[in-house]
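Which chain is which? The protein sequence lines are D and U, in order. Residue 498 in my numbering is what sits at position 353 of the first sequence, and the numbering runs on without skipping anything. Residue 163 in my numbering is what sits at position 18 of the second sequence, and the numbering runs on without skipping anything.
Keep in mind that the hints were calculated from the coordinates and are not lab data. Hints are supplied without guarantee of correctness; some may be wrong.
As the list claims (entries may be wrong) - For lysine-lysine, the following DSSO-like pairs were computed, each having C-alpha atoms within a straight-line distance of at most 30 angstroms:
hint: 1; chain 1: U; residue 1: Lys319; chain 2: D; residue 2: Lys203
hint: 2; chain 1: U; residue 1: Lys156; chain 2: D; residue 2: Lys156
hint: 3; chain 1: D; residue 1: Lys481; chain 2: U; residue 2: Lys353
hint: 4; chain 1: U; residue 1: Lys353; chain 2: U; residue 2: Lys319
hint: 5; chain 1: D; residue 1: Lys369; chain 2: D; residue 2: Lys353
hint: 6; chain 1: D; residue 1: Lys269; chain 2: D; residue 2: Lys319
Claimed, not checked - Derived coverage of chain D by chain U (criterion: at least 3 residues anywhere in the stretch with Cβ under 8 angstroms from a Cβ of chain U; other residues may be distant):
hint: 7; region: 157–165
hint: 8; region: 248–261
hint: 9; region: 572–584
All C-beta atoms, glycine included, are put in the ideal place defined by N, C-alpha and C.
Here is how the chains run, residue by residue.
2 protein chains.
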Amino acid sequence: MDAEEFRRRGKEMIDYVAEYLENVEQRPVYPDLEPGYLRSLIPSEAPLEPESYEDIMKDMERVIMPGITHWHSPYFFAYFPAASSYPAMLADMLSTAIGCIGFSWAASPACTELETVMLDWLGKMLQLPESFIAGTDGQGGGVIQGTASEATLMSLLAARCKAVRRVQTYTSDKSEVEIFSQLVAYTSEQAHSSVERAALIGGVMIRKVPTDSNYAVRGDSLKKMVEEDKAAGLIPFYVCATLGTTPSCAFDQITELGPICNGENMWMHIDAAYAGSAFICPEFRPLLNGIEGHSTVGLNGFWYLKIFFCLSTPVNRVKKRTDIIGAFKMDPLYLKHENQESGLVTDYRHWQIPLGRRFRSLKLWFVFRMYGLQGLQAHIRKGSNELNQNLLKKITNSREIHLVPCQLSGRFVLRFVICARTTESRHIQQAWQHITQLTFELLQEPNH
Amino acid sequence: MDAEEFRRRGKEMIDYVAEYLENVEQRPVYPDLEPGYLRSLIPSEAPLEPESYEDIMKDMERVIMPGITHWHSPYFFAYFPAASSYPAMLADMLSTAIGCIGFSWAASPACTELETVMLDWLGKMLQLPESFIAGTDGQGGGVIQGTASEATLMSLLAARCKAVRRVQTYTSDKSEVEIFSQLVAYTSEQAHSSVERAALIGGVMIRKVPTDSNYAVRGDSLKKMVEEDKAAGLIPFYVCATLGTTPSCAFDQITELGPICNGENMWMHIDAAYAGSAFICPEFRPLLNGIEGHSTVGLNGFWYLKIFFCLSTPVNRVKKRTDIIGAFKMDPLYLKHENQESGLVTDYRHWQIPLGRRFRSLKLWFVFRMYGLQGLQAHIRKGSNELNQNLLKKITNSREIHLVPCQLSGRFVLRFVICARTTESRHIQQAWQHITQLTFELLQEPNH
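Isolated chain D (complex conformation) (with noise of 0.2 angstroms):
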């Protein structure tokens, strides 16, 4: 295939891709077929020619999208949003074009350049401290990940190494592996199997911290077991706090876990894998309220705030990079760079389980510019003001039930209160049809 051929196909391509995106709906949703379904359907060899590319295309058709589960079908509701958007995909056809390697500054200054410059916008969307801003003299800053489960091996490998050091200060005569040994780790029963997984890797204990009745981890559980290690002999080295566990979405007590981790010299990591990216609408934010006594966030920017998908951006957030990148710095002579010394670079390299990274925040250039601060925020938000006012003036209007609205930090709320002595659990039932019934009325109306 010739650029030339690659004009005509591309463009097919980008027809094709719209039209799967644009009619997915149409599709079922999840594919009625028996595992093995797919081998008996192509050959079992590669061709030793070359086939056309018509008879691939078709295939698609015939082979792979009947064992499709479609995530962006409207009927998806499993696991979580894996969202996309077209401005993104256009700048992951960039990004692969480009096919640059990042793994250091001088394997594409603008692959790390660009890099840490959008995970300081992001930092400030979320209206972090400036501790985790890596600005153009910060100790802290931003990576992304591949995934989530990565942001969390790699905090939780860290803290490992920084424990390590940190209890070598006073006892010399320890090898690292009888430290380990000793090392435990916390987390919430609720938890997301990833952060059990680390810590199997990373060869430490775990333990699993229970949750009041909100499925939240509290202080006063985490204070417990943390005596009681270290009553055993043990370590405690590393906290894996939860922002919107995957069952629920509960939110552990960070500023309750906070002030035990700066008292037990733990290294605290927060997984807001789920609801994470909710938090560049200030209404949210003070659910992050506390995340300043801590040493990392990890952030997925594709399951909540879903125009990143593809995207597939957790991105790690440190307040003093040191940390993370003493952990397994390695620098062989055939990528050294002639400024790599000057502290003025950043590879990222130092900062991931791999080597080789894509240049993956042009994804977030391209989307944090095509929608605006305030276009991310109101798709978080689905709802306007204007949409709540429209259903109250509905529900007046149909004069079957009556409430009045409030505003709570500067949204249009409807307000609904039990009143009347002679309400019963039919009423509320009854009330909560017909206002379910007339959403959906407004939600079809041509302006939606």
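Chain D is already provided as a structure; the job is to place chain U on it using the hints.
Frame of chain D, contents of chain U only:
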């Protein structure tokens, strides 16, 4: 941006990408700028309101391109080939549009099943032993890892887990971490830095085996180290051999190393990231002899087989899938599906560090089919028998030097022998210059 605008912008982007790749030779291959150049060229915060697409694309040339190290420039000879191809780029667009996260079979059956079959295709192209092929009821099989570093890390972690279980069968009082402290891994002093890093992450010792004059690890050297370590009470458990080292493309003698690994119960991983793709040519395949005895092979599609990139397809291939799955299997309720205990499906999340994964096998499918095995082989050989014949004809017609051809393993080879008693070093140098010059002229001719 709606679907209509995406169709328009997407087609413009296809033209931009084609234009970039066709003319990348004109751009300076390595940027001339100071660290920190980018920050002053863009605002310090994300825009509040959306910007226009035109402005963003204008900034590609103003902000990004001056800071790119052009990996696809014909003047790029650093690091390794991060090659690309038009079919792979088209497949990548599809993968982005479908946007499924294939961590389990149910999360998108086609994503998992195509990967299994494509890695069987690749296994057959490489003439791997049957035990490495998944087939319909095989115990072996392959997985596409995100990067070569992850392929190595995953094999080391699986080996660590297997070693612990083995040791615990005869010393059940030892804790996992106690055993870690006795484990020792081996690799060449010439091995890639990611091998040492994998050991650091896994918390195990690693020793570097000295190489012979060809920079290859030999059986004797490994044997000696293993004996010493056993005498010191350590447990040798893992060897990472390299086929194609980063500095000089040296090949460890795996036929010698294999029996030692088998005798000592050590896991043998082969890092063939640099040279592995070349084994699809029968004339290079003997370098892979000895693979039968080993546990995993790491292959990296994108180094040599250049059409693979963005592809970025490092592969871990195992003989016994339970060895690798067993290391970190986790089954939280939200990832369970009805077919998972049937034994018929593969859930690739157990084979890798991250949970999430893209639909990467689409790129293999497009590339294998659009080029065919012969096309891929021709790409690696980079020169046909015909070309060599034409070169010899040119040399003969020029009448400055004289040589004759021979046939080796089906290849037309130009044979150069020092025959005359009077030949001196300067004659050989002149001859080489002459051959080089004629080769250069030949490659400039329009049909090349």
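Taking beta carbons only, do three or more residues of the region 157–165 of chain D come closer than 8 angstroms to chain U? n = 7 at 8 angstroms, threshold three: holds.
Next pair to validate is lysine 156(U) with lysine 156(D); report whether the Cα-Cα distance is within 30 angstroms. Since the Cα atoms of lysine 156(U) and lysine 156(D) sit roughly 5 angstroms apart, the hinted pair holds (cutoff 30 angstroms).
Checking C-beta pairs, does the region 572–584 of chain D have three or more residues closer than 8 angstroms to chain U? violated (count 0)
Given the hint that lysine 269(D) pairs with lysine 319(D), test it: the Cα-Cα distance must not exceed 30 angstroms. violated, 42 angstroms
Between lysine 481(D) and lysine 353(U), does the CA-CA distance stay at or below 30 angstroms? The hint holds at about 21 angstroms.
Decide if the proposed pair is consistent with the structure: lysine 369(D) and lysine 353(D), CA atoms, cutoff 30 angstroms inclusive. holds, 12 angstroms
Claimed coverage, the region 248–261 of chain D by chain U - three or more beta carbons nearer than 8 angstroms: holds (count 10)
Regarding the pair lysine 353(U) and lysine 319(U), is the alpha-carbon distance no greater than 30 angstroms? holds, 27 angstroms
Given the hinted pair lysine 319(U) and lysine 203(D), is their alpha-carbon gap at most 30 angstroms? violated, 58 angstroms
Consistency note: the structure conflicts with the earlier hints numbered 1, 6, 9.
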